[in-house]
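The listed protein sequences derive, respectively, from chains Z and V. Under full-length UniProt numbering, the first residue of the first sequence is numbered 1, with each subsequent residue one higher. Under full-length UniProt numbering, the first residue of the second sequence is numbered 1, with each subsequent residue one higher.
Any given hint might turn out to be false.
Note that identical chains are pooled: a pair holds if it fits in a single copy or bridges any two copies.
Claimed, not checked - Dumping the calculated SDA-like pairs for lysine to any residue here, alpha-carbon to alpha-carbon at most 25 Å:
1) Lys35 to Asn123
2) Lys39 to Ile169
3) Lys35 to Arg118
4) Lys30 to Arg118
5) Lys83 to Met103
6) Lys35 to Ser177
7) Lys35 to Ile169
Just so you know, the hints here were simulated from the structure itself, not pulled from any lab data. Quick caveat: nothing in here was measured; it's all calculated off a predicted structure.
2 protein chains.
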Amino acid sequence: MTEQAAPRRRPGRRPGSADTRGQVLAAARKIFAEKGYDKATVRGIAAEAGVDPALVHHYFSSKEGVFVAAMQFPMVPADVLPKIIAGPGEQIGERIVRFLLTMTSAPEAREPIVALMRTAMVNEQAVGMLREFITDAILSRVAQALSIPPIRMEVAFAQMFGVLMMRYIVELEPLASADTEELVEILAPTVQRYLTA
Amino acid sequence: MTEQAAPRRRPGRRPGSADTRGQVLAAARKIFAEKGYDKATVRGIAAEAGVDPALVHHYFSSKEGVFVAAMQFPMVPADVLPKIIAGPGEQIGERIVRFLLTMTSAPEAREPIVALMRTAMVNEQAVGMLREFITDAILSRVAQALSIPPIRMEVAFAQMFGVLMMRYIVELEPLASADTEELVEILAPTVQRYLTA
Chain Z
1 MTEQAAPRRR
11 PGRRPGSADT
21 RGQVLAAARK
31 IFAEKGYDKA
41 TVRGIAAEAG
51 VDPALVHHYF
61 SSKEGVFVAA
71 MQFPMVPADV
81 LPKIIAGPGE
91 QIGERIVRFL
101 LTMTSAPEAR
111 EPIVALMRTA
121 MVNEQAVGML
131 REFITDAILS
141 RVAQALSIPP
151 IRMEVAFAQM
161 FGVLMMRYIV
171 ELEPLASADT
181 EELVEILAPT
191 VQRYLTA
Chain V
1 MTEQAAPRRR
11 PGRRPGSADT
21 RGQVLAAARK
31 IFAEKGYDKA
41 TVRGIAAEAG
51 VDPALVHHYF
61 SSKEGVFVAA
71 MQFPMVPADV
81 LPKIIAGPGE
91 QIGERIVRFL
101 LTMTSAPEAR
111 EPIVALMRTA
121 MVNEQAVGML
131 REFITDAILS
141 RVAQALSIPP
151 IRMEVAFAQM
161 FGVLMMRYIV
171 ELEPLASADT
181 EELVEILAPT
191 VQRYLTA
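The following block holds chain Z by itself, in its conformation from the complex (with noise of 0.2 Å):
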């Protein structure tokens, strides 16, 4: 094959660059507000960025991982839920709690969560798509890898997004300075009664 017979592309486009890796991410957050999580497709992304979608697979595996990657999440809940729901039964609550106190202790990790939550409470479009990814990514996983009715997992969820809300968004003291394990203890039960009766 000579160098003329391969297509033109705009500068940057070469696939498998870190390039245009951020081409997907940015075509992935326009198709995500644009379409909500639900509705967006790997498909539409990779078109939307004028790419393979074997290429966003192969960078992203999943719809998931694209969204996780372009929020700048600092987790993939189909990664870390297995290892979550695996362990004892009657600890999970404690697992859960602390997980996302430990997870969220790392402001580099917690402020694009923080950011997502802020546009969600003011943008319709924003709190749609993160009802959705919430919805599919989390609750329905673990309510039904736990056979529990679907309002106890969302009350849990309640729970420990007031929490971090009052920690870091409204900075509540003594909450805001209390450290894990003592939140853990008082926390653990609730998510621990939610999740098993």
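Since the structure of chain Z is already known, use the hints to place chain V on it.
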């Protein structure tokens, strides 16, 4: 006293008129936003509105009353909390959960609260004002009346705040459509445990 001896006033500044009340509320919103809830005073609000502090007390009883009226909140915590606290101790969780869910079920009661929550999430001044009001007017009072550590009151508040946010802003289903009594049954034991341990 002759008409000429009366002090000159700007039009609409007649003490006791509906217009004066509106001026006090406009002044209150300005002062609370600038100084926060703790540092704002009835005297400062009266000065901003150009009225006597006694008139502000006459209309609104207290700084708390002015704040609630200025933010269009549906109730004054100082009026409501004693009744909730006074009942049987073993049902206080149930009374709190049912009160909050019933109060927020009416859109006209809920909307000013949701509006301030939204503003607080994205505005440093508003979040400080809300933090101080919540702490002074609600959390400290209940924690003191029940002799519980403040952090337990804060996680109980975080639970209910999270549920209201998921129900009315994020609109997670089935939580958003669940009836009050179903939610009371799930949530009351949590609040009860925090407030009696």
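Okay, the hints, checked on the actual structure:
1. Taking the shortest alpha-carbon separations for Lys35 and Asn123, only the intra-copy value of 14 Å comes in at or below 25 Å, while the best inter-copy value is 28 Å.
2. When the C-alpha separation of Lys39 and Ile169 is checked against a cutoff of 25 Å, the pair qualifies only between copies, where the shortest distance is 21 Å, while the shortest distance within a copy is 31 Å.
3. In this assembly of identical chains, the alpha carbons of Lys35 and Arg118 lie at most 25 Å apart whether taken from the same copy (20 Å) or from different copies (23 Å).
4. Proximity of Lys30 and Arg118 under a CA criterion of 25 Å is satisfied in both settings, with 18 Å inside one chain copy and 24 Å between copies.
5. In this homomeric assembly, Lys83 and Met103 come within 25 Å of each other (Cα to Cα) only inside a single copy, at 15 Å, whereas the closest approach across copies is 40 Å.
6. Within a single copy, Lys35 and Ser177 get their C-alpha atoms only as close as 39 Å, which misses the 25 Å cut-off; across copies the closest is 24 Å, which meets it.
7. Taking identical chains as interchangeable, the C-alpha atoms of Lys35 and Ile169 lie at most 25 Å apart only when they sit on different chains, with a minimum of 19 Å there against 28 Å within one chain.
In terms of the numbered hints stated before, the structure departs from none.
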